[in-house]
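Asker: Each protein sequence line maps, in turn, to chains A and B. For the first sequence, our numbering gives the first residue as 541, with consecutive numbering after it. For the second sequence, our numbering gives the first residue as 30, with consecutive numbering after it.
Since the hints were derived computationally from the structure, they do not count as laboratory data. One should not assume that every hint holds.
Cβ-Cβ distance ranges computed for the label pairs, FRET-style [to be verified]:
(1) P729(B) - L595(A): 32 to 40 angstroms
(2) R496(B) - V584(A): 44 to 52 angstroms
(3) S740(B) - A576(A): 27 to 35 angstroms
(4) Y607(A) - D572(B): 47 to 55 angstroms
(5) Q614(A) - Y532(B): 53 to 61 angstroms
(6) L562(A) - W664(B): 53 to 61 angstroms
(7) V629(A) - L859(B): 24 to 32 angstroms
(8) R468(B) - L562(A): 32 to 40 angstroms
(9) L562(A) - S419(B): 39 to 47 angstroms
Straight-line Cα separation of at most 25 angstroms, SDA-like style, residue types lysine to any residue; simulated pairs [said to hold, decoys possible]:
(10) K581(B) - G680(B)
(11) K612(B) - L637(A)
(12) K669(B) - K643(B)
(13) K669(B) - G834(B)
(14) K612(B) - I661(A)
(15) K612(B) - R633(A)
(16) K612(B) - L628(A)
(17) K612(B) - L603(A)
(18) K669(B) - P620(B)
(19) K612(B) - Y568(A)
(20) K643(B) - Y171(B)
(21) K612(B) - L562(A)
(22) K612(B) - A622(A)
(23) K612(B) - A596(A)
(24) K612(B) - L595(A)
(25) K643(B) - L190(B)
(26) K612(B) - A604(A)
(27) K643(B) - A808(B)
(28) K612(B) - A569(A)
(29) K612(B) - V593(A)
(30) K612(B) - F570(A)
(31) K612(B) - S458(B)
(32) K612(B) - C651(A)
(33) K55(B) - M698(B)
(34) K612(B) - A624(A)
(35) K643(B) - L627(B)
We treat Cβ as the ideally placed atom computed from N, Cα and C, and that holds for glycine.
Single-letter residue listing:
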Amino acid sequence: MLGALQRNSLLAMVSGLLLWTLYFLFNYAFLSLGCALGFAEIQVAGLSLVHWVILAVTPLVLLAMVYLAWRSWQQYRELGEAEAEPELVRRQRFMALVAVMIHGLAVIALCWVAAPVLMGIPPCL
Amino acid sequence: MMGGEHPGQGAPEASRAEQLHRRFEKIWGTPPGLAQLSVVNHSNVSRRFIITGFVFFLLGGLQAMLLRTHLARPNNDFLDHEVYNQLFTMHGTTMMFLFAVPVLEGIAFYLLPKMIGSRDMLYPRLSAYGYWCYLFGGILLYSSFVVGSVPDAGWFMYVPLASSEYTPGLNSDFWLLGITFVEISAVSAGIELVATILKARAPGMGVNRMPLFAWYMLVTGFMIILGFPPLILGSILLELERAFGWPFFMVGQGGDPLLWQHLFWLFGHPEVYIIFLPAAGIVTMAVATFARHPVVGYSWVVLAVVATGFISFMIWVHHMYTVGLPQVAQGFFSAASMGVAIPSGIQVFVWIATLWLGRAQMRVPMLFLMGFLFIFVLGGLTGVMLALASFDWQVHDTHFVVAHLHYVLIGGMLFPFFAGLYYWLPLMSGREYSELFGRLAFWLLFIGFNITFLPMHLIGMLGMTRRTYTYPEGLGWEIINLISTVGGFLMAAGVAAFVMDLYLHYRFGQRATANGWGAGTLEWSLRHPAPSYNFISLPQIRDRYPLWQNPKLPQELAQGQGFLADPGRGERETLGTSMLDAKPEYVVRLPRNTYLPLLLALATALLFVGLLIKQYWLVPMAAVLMVAGVWCWLWDRGIKQAPLVVDAGQGLTLPLQYSHPRGPGWWAMGLSILADLSLYGSLLFGYLFLWTVAPAWPPPDFGALPWLVPSLGLGGLILSSVAMGWAGRQLRVGSLPRLRLGYGLAILLALAYGVSQVLLLRDAPYGPQQHAYGAILHALVGCHLLHVGLVVLMACFILARSAYGYVVSDKPMEVTNVSLFWHYVVLQCLVGYVALHLLPLLM
Chain A
541 MLGALQRNSL LAMVSGLLLW TLYFLFNYAF LSLGCALGFA EIQVAGLSLV
591 HWVILAVTPL VLLAMVYLAW RSWQQYRELG EAEAEPELVR RQRFMALVAV
641 MIHGLAVIAL CWVAAPVLMG IPPCL
Chain B
30 MMGGEHPGQG APEASRAEQL HRRFEKIWGT PPGLAQLSVV NHSNVSRRFI
80 ITGFVFFLLG GLQAMLLRTH LARPNNDFLD HEVYNQLFTM HGTTMMFLFA
130 VPVLEGIAFY LLPKMIGSRD MLYPRLSAYG YWCYLFGGIL LYSSFVVGSV
180 PDAGWFMYVP LASSEYTPGL NSDFWLLGIT FVEISAVSAG IELVATILKA
230 RAPGMGVNRM PLFAWYMLVT GFMIILGFPP LILGSILLEL ERAFGWPFFM
280 VGQGGDPLLW QHLFWLFGHP EVYIIFLPAA GIVTMAVATF ARHPVVGYSW
330 VVLAVVATGF ISFMIWVHHM YTVGLPQVAQ GFFSAASMGV AIPSGIQVFV
380 WIATLWLGRA QMRVPMLFLM GFLFIFVLGG LTGVMLALAS FDWQVHDTHF
430 VVAHLHYVLI GGMLFPFFAG LYYWLPLMSG REYSELFGRL AFWLLFIGFN
480 ITFLPMHLIG MLGMTRRTYT YPEGLGWEII NLISTVGGFL MAAGVAAFVM
530 DLYLHYRFGQ RATANGWGAG TLEWSLRHPA PSYNFISLPQ IRDRYPLWQN
580 PKLPQELAQG QGFLADPGRG ERETLGTSML DAKPEYVVRL PRNTYLPLLL
630 ALATALLFVG LLIKQYWLVP MAAVLMVAGV WCWLWDRGIK QAPLVVDAGQ
680 GLTLPLQYSH PRGPGWWAMG LSILADLSLY GSLLFGYLFL WTVAPAWPPP
730 DFGALPWLVP SLGLGGLILS SVAMGWAGRQ LRVGSLPRLR LGYGLAILLA
780 LAYGVSQVLL LRDAPYGPQQ HAYGAILHAL VGCHLLHVGL VVLMACFILA
830 RSAYGYVVSD KPMEVTNVSL FWHYVVLQCL VGYVALHLLP LLM
């Protein structure tokens, strides 16, 4: 299983969007539970607890995605200087580049999904 | 130049190629007469998928024509309201489940092995079984017309309309059971697609060189594996409610109809992309050929496909904006729904850029591609409009939505499907199509489509709801409805022109020249029509467009200058390669023709028919037959006499898949677990969902669940996992008696767990019928019991195999697979225990 998570795996290549999916599900589940169980009613400094938690989680996930993108970019550049095994390097560079793009798109999707929270609509309305 | 010959081929080479062709055909060919029912070869099975799907398309189209005729005039009594309901339900159901998905699977099954340089899909018997399930499921559903209980609650079967209270007859049961039967074929196809794309590509075809169609199908395969189980689960729950009164969706007893909507759309939205992605894959392949230019931005397409796969799973709630969810939640789904336009937009620009840089030839497939681009972009734009919750509230359930979904689905699937058929027809039939009829079909379809559906946006805005039986005069709807109906008949004429063209094509079509389009991908290196075995020898790939890189490749392969060129062993063989770089790992020995898939599907049909006609004694009988069928199916593999290594040609000696711990069987097991995980996850979601909506959970007057016996049972089950792991290690050191000891222990512990679960149900203070809590408790425990029963059977299978000398240390895959599934089931039961016994303590 750990082997599947290593640097050159397809799973690692899509990890940015995997994070986005988990983030999305967390937001939806946390909000729904908050409204169902009542803790969304708790107000802190004019905003709901649900808002605060999502606002706290968002930059963490964002940082993780940026880090993933940056690391893939580093890998892409390092592989550009490699000379041994051109076939292998070409494939690895391709995956590193696609990973950069996927993590980048995940960042956009993350900001986009977080936008409704920033609008400050009451959570359970 | 006739099919099968290649330019520049001398006489001795041609005769050698012909000789090899005859020898391979003997091994792979299709038997005559009724023996064709035993065929498992992908080319045959996929053609059956396509033809059957097309027949269902004609039936669904006929229903649409009846509906349009009825709506042409106000206050029309052409159909009575019951028949009208049945027809729109069956039209949607047929087009989505019996046409779009199976036909695209058929195209993928036909093309993929040819594109990635393999001789077949990895699990040919599973393809055949999937086909029979599809056919029998479709027949089961359509037999509702014969008995007069046609499903009539709409293609998404919303409860409570589809529940026994409002649909007391068998109507909904036909839908639930028929569609679940058909979905067996979808899930098995998903598993097969993923495994074949990842493990059976020609040597050198790294993930950076796969034809883009393979990327599309890889993502589609994963989406099927994860997306179909929620609906299968929903159908099982609704059938349990209808047949046995387990109130999952009944508000009065703690259930919630919204659970059905969630489960349906958890499947239903990915489904739209499961249909669109293969079609977009067809477009991408054909665009490159007609532009005579490699697809611009290969990495961008991969990004778009992967992103579509992820984002499209997170937008299901946009079908449910009007059910009263919190606005912030609607905001999340609205944002994601708009976001999915980004990958779609990327693809549109990639196609335009490729055509821009190349020299597009306006042949019939290209016309359909242009039609696709025009219609799909319009449908995408109305999609972005509908993604806005506030706009959706205004037009929800109106003809605006009907117009939008037809723009997306007909534009996004039907036009690419026709483009693909025209494009690959010479490869399938070995003949040319008629340019004249093709053009006629295109223009009739394109003009007819727009006349039918463009005005529908307007009539939706004017307030005409979808599924409305009839409408009064004076609302300003008459002329628009009439125009739509005229357009619908033009479309029907277009389909008729296509059918005529197809008939003329097979009857009188001229012989096709080899690779007449001058395409660059591997499938065009084959003789036309494509032979049963695909490749005489398998290529070494060095480029994304192997035929553009080396135009002589077809002749080289036909003369046996690649891998596995020697038919001397008389077996069906292809190569298994590594996932990322496609380095040869093993030779896969594929099964020959067999009646087992047909027989197993018949047993499966018996199960579904028993459930439908409520003759439940048939169900265990069918189950026994199915177990016997699968037992024979598996016994046939891992042959004792098979050598450990074989000569793969080109100086390469490789192990057979049986002696490789990660053979195709391991991949099938892993992917099946993924599908099962999705099913179980959906069930857990149902449990938690009902928990949050019910006023008290568990209902306070019911008392607590017994915990001691289930806890002991679970402890034993965890120990069984340890015993299983130990037994697996004993095989590696070659000690069969210890392996048997470990298996025996594990089986006993699993059986003890089963008893503990039965006792739990017996001592639970409520049965499944009083309250949704009892129902979902029984569903969860029933699910655990089913899984434990399955692993016990698997372990017994290994014990029986070991008695006959099949289980040996250098062929470890069976034992590895059973261990993998065993540990998974233990984990599932553990999670179930936490959900049922521990979570309520926390809350």
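Asker: Each hint needs a verdict: does it hold in this structure or not?
Answerer: Hint by hint, here is what the structure shows:
{"no.": "1", "hint": "P729(B) - L595(A): 32 to 40 angstroms", "result": "holds, 36 angstroms"}
{"no.": "2", "hint": "R496(B) - V584(A): 44 to 52 angstroms", "result": "holds, 46 angstroms"}
{"no.": "3", "hint": "S740(B) - A576(A): 27 to 35 angstroms", "result": "holds, 29 angstroms"}
{"no.": "4", "hint": "Y607(A) - D572(B): 47 to 55 angstroms", "result": "violated, 35 angstroms"}
{"no.": "5", "hint": "Q614(A) - Y532(B): 53 to 61 angstroms", "result": "holds, 60 angstroms"}
{"no.": "6", "hint": "L562(A) - W664(B): 53 to 61 angstroms", "result": "violated, 42 angstroms"}
{"no.": "7", "hint": "V629(A) - L859(B): 24 to 32 angstroms", "result": "violated, 43 angstroms"}
{"no.": "8", "hint": "R468(B) - L562(A): 32 to 40 angstroms", "result": "violated, 50 angstroms"}
{"no.": "9", "hint": "L562(A) - S419(B): 39 to 47 angstroms", "result": "violated, 28 angstroms"}
{"no.": "10", "hint": "K581(B) - G680(B)", "result": "holds, 22 angstroms"}
{"no.": "11", "hint": "K612(B) - L637(A)", "result": "holds, 22 angstroms"}
{"no.": "12", "hint": "K669(B) - K643(B)", "result": "violated, 44 angstroms"}
{"no.": "13", "hint": "K669(B) - G834(B)", "result": "holds, 8 angstroms"}
{"no.": "14", "hint": "K612(B) - I661(A)", "result": "violated, 54 angstroms"}
{"no.": "15", "hint": "K612(B) - R633(A)", "result": "holds, 18 angstroms"}
{"no.": "16", "hint": "K612(B) - L628(A)", "result": "holds, 11 angstroms"}
{"no.": "17", "hint": "K612(B) - L603(A)", "result": "violated, 36 angstroms"}
{"no.": "18", "hint": "K669(B) - P620(B)", "result": "holds, 15 angstroms"}
{"no.": "19", "hint": "K612(B) - Y568(A)", "result": "violated, 43 angstroms"}
{"no.": "20", "hint": "K643(B) - Y171(B)", "result": "holds, 18 angstroms"}
{"no.": "21", "hint": "K612(B) - L562(A)", "result": "violated, 34 angstroms"}
{"no.": "22", "hint": "K612(B) - A622(A)", "result": "holds, 21 angstroms"}
{"no.": "23", "hint": "K612(B) - A596(A)", "result": "violated, 45 angstroms"}
{"no.": "24", "hint": "K612(B) - L595(A)", "result": "violated, 46 angstroms"}
{"no.": "25", "hint": "K643(B) - L190(B)", "result": "holds, 21 angstroms"}
{"no.": "26", "hint": "K612(B) - A604(A)", "result": "violated, 33 angstroms"}
{"no.": "27", "hint": "K643(B) - A808(B)", "result": "holds, 19 angstroms"}
{"no.": "28", "hint": "K612(B) - A569(A)", "result": "violated, 43 angstroms"}
{"no.": "29", "hint": "K612(B) - V593(A)", "result": "violated, 47 angstroms"}
{"no.": "30", "hint": "K612(B) - F570(A)", "result": "violated, 45 angstroms"}
{"no.": "31", "hint": "K612(B) - S458(B)", "result": "violated, 33 angstroms"}
{"no.": "32", "hint": "K612(B) - C651(A)", "result": "violated, 40 angstroms"}
{"no.": "33", "hint": "K55(B) - M698(B)", "result": "violated, 32 angstroms"}
{"no.": "34", "hint": "K612(B) - A624(A)", "result": "holds, 17 angstroms"}
{"no.": "35", "hint": "K643(B) - L627(B)", "result": "holds, 24 angstroms"}
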